[in-house]
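Participant: Line by line, the protein sequences give chains E and B.
Numbering follows my numbering, with no gaps: position 100 of the first sequence is 100.
Numbering follows my numbering, with no gaps: position 40 of the second sequence is 40.
Check each hint, because a few of them may be wrong.
To be verified - In the SDA-like style, the derived pairs of lysine to any residue whose C-alpha atoms are separated by at most 25 angstroms in a straight line are:
1. 16/B / 355/E
2. 239/E / 16/B
3. 89/B / 355/E
4. 16/B / 356/E
5. 239/E / 18/B
Hint data in this document are derived by calculation from the structure and do not stem from the laboratory.
Bear in mind the structure is a predicted one, so any value in this text is a computation, not a measurement.
Residues per chain are reported as follows:
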Amino acid sequence: MSQLTELTITQALALLQSREISSIELTQAYLDRIQEFEPQIKAFITLTPELALQQAKAADLRLKNNTGDNLPALLGLPIAIKDVLAIKDIRCTCGSRILENFVPPFTATTVQRLLDAGVVVLGKTNTDEFAMGSSTENSAYQTTRNPWNFEHVPGGSSGGSAAAVTSQFAPVALGSDTGGSVRQPASFCGISGLKPTYGRVSRYGLIAYGSSLDSVGIFAHNAEEIAIIFQHIAGRDPKDATSMEIPVPSISLSENGSLQGVRIGVPKEYFIAGIQAEVDSAVRSAIAQMEALGAEIVEVSLPHTEYALPVYYLIATAEASANLARYDGMRYGYSAESATLWQRFKDTRGSGFGSEVKRRIMLGTYALSAGYYDAYYGQAQKVRTLIKRDFEQVFEQVDAIATPVAPTTAFKIGDHTNDPLAMYLEDIFTLPTNLAGVPGLAFPVGFDHQGLPIGMQLLGPHFKEETLIQMVHAYQKNTNWHLHKPNLESCR
Amino acid sequence: MQLTIQEVEHIAELAKLELSDAEKEQYREQLSSILEYAANLQNVDTGDIPPTASVLPEQTLLREDVVLEALSPDSVLQNAPQKKDQQFKVPIVMENGQ
Chain E
1 MSQLTELTIT QALALLQSRE ISSIELTQAY LDRIQEFEPQ IKAFITLTPE LALQQAKAAD
61 LRLKNNTGDN LPALLGLPIA IKDVLAIKDI RCTCGSRILE NFVPPFTATT VQRLLDAGVV
121 VLGKTNTDEF AMGSSTENSA YQTTRNPWNF EHVPGGSSGG SAAAVTSQFA PVALGSDTGG
181 SVRQPASFCG ISGLKPTYGR VSRYGLIAYG SSLDSVGIFA HNAEEIAIIF QHIAGRDPKD
241 ATSMEIPVPS ISLSENGSLQ GVRIGVPKEY FIAGIQAEVD SAVRSAIAQM EALGAEIVEV
301 SLPHTEYALP VYYLIATAEA SANLARYDGM RYGYSAESAT LWQRFKDTRG SGFGSEVKRR
361 IMLGTYALSA GYYDAYYGQA QKVRTLIKRD FEQVFEQVDA IATPVAPTTA FKIGDHTNDP
421 LAMYLEDIFT LPTNLAGVPG LAFPVGFDHQ GLPIGMQLLG PHFKEETLIQ MVHAYQKNTN
481 WHLHKPNLES CR
Chain B
1 MQLTIQEVEH IAELAKLELS DAEKEQYREQ LSSILEYAAN LQNVDTGDIP PTASVLPEQT
61 LLREDVVLEA LSPDSVLQNA PQKKDQQFKV PIVMENGQ
């Protein structure tokens, strides 16, 4: 019954609760589809079909025996999880050989909250190693294919989760976004992806990359589905000291599709020479459509945007060099056989990490090293303050900022693998968001001449995910870009 | 900004990464061009601008000092490459009185 994988999660949950379908049927439909197309797409590092069917069976039993109305809200709903989030007793690789056999003894808070709400875990999705990359080509295991064209990348680093939702291997998935790793693959795959405010969602159990930038995000086909999952994972967690004690609103979505009374800023620094013409025009059309729906559009300026790329690559790599110092081959992960302690550290890390991870550790170590700290890391943290102030000033005038997600649509596999700087430039429109800690919601607004999706993002003030979700929901009420799905048969 | 092989070797030593000669040369070239790109940060006037300490408003959340459930020693050690008597086993750190 393959049409089960076409259901929105709202539809699926209603059918599960009325017991018109069982969680076993729904889960099996996704597993069947995974079995058919996963050999081409390569979205998962680890599949957990036995666990999924076990969880589905337990969910069905609870649905069957239910006499009251106090069942968990997501009971029986399948989901995919990026392989950077720990789930107790399921291997967690982070896309790295150094964690090839790592089995966490604990579960990430985000995953635990979803498990408590009744979800069924289908598997762990592919990622660039330690979430460092924009294409999944840095995964030590495989390169995930873009479901719209198998010769193109799905984006990254959460490319496995994006491809899984796009391919209808799972209705929703979790990812992580340190510099765009949820929004850029969502854009490349033509789905919706939320990067919440820094501090809004617990990172306990998220394997650290850049701790002042990392956030756990959500992939789904539309904003309404993102709202449902967001409300389960958001909120203070005593296990993450950076998670804020700020109430999570109950997000109400209007059915009238109006943007009356909303002000959207369009920053000129994001519509620059070098951006693919079709991306520019699709994003401008979407902004015009939002204006037609009642939004007031104003030009704004984020003058320090051009510095976001070097600031990000100095701060993120500096933090990564410190975070990844823990991989020493002593407590977990790959360990080289070398006899002496210092040589074992070096051999473990030299052969356990892949090329991009070592490059970023080297860059971050340099930026923090004696004699260079002030010029690189110190200066980057000061310019970061200016980037953050740019956003604060603009959000005094507008409710949201509209920009492209990436300067191009999904590039071809192999196009940027020999030029790290060219790969880094793919992230120029998503990095400033993480530097400022503000939320961003990516969603599809068109296709280019090759049939590859085009995405745009709305950025909002700290803790205003609700506004972004409501605005994208209004847009999606009036457009059908989010309803397009790739025909995987024809790509083979 | 051109790094030398000696500088690359120094960074690799600080980062505890064993690199092949080919990797050293590759990173020398790539890190040089990335640092050159990053050099335009020096053009920004940051005279009285404080560095970002946190993007969030300050919050100091206290909790009661109570004993909570924690991971068992066995589960903490379950991924250890080498262990002995409920402890991680590592190569000798200091010998001959050093």
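Participant: Hint by hint, work out which the structure violates, then give me just those numbers in ascending order.
Facilitator: Those not satisfied are hints 2, 3 and 5.
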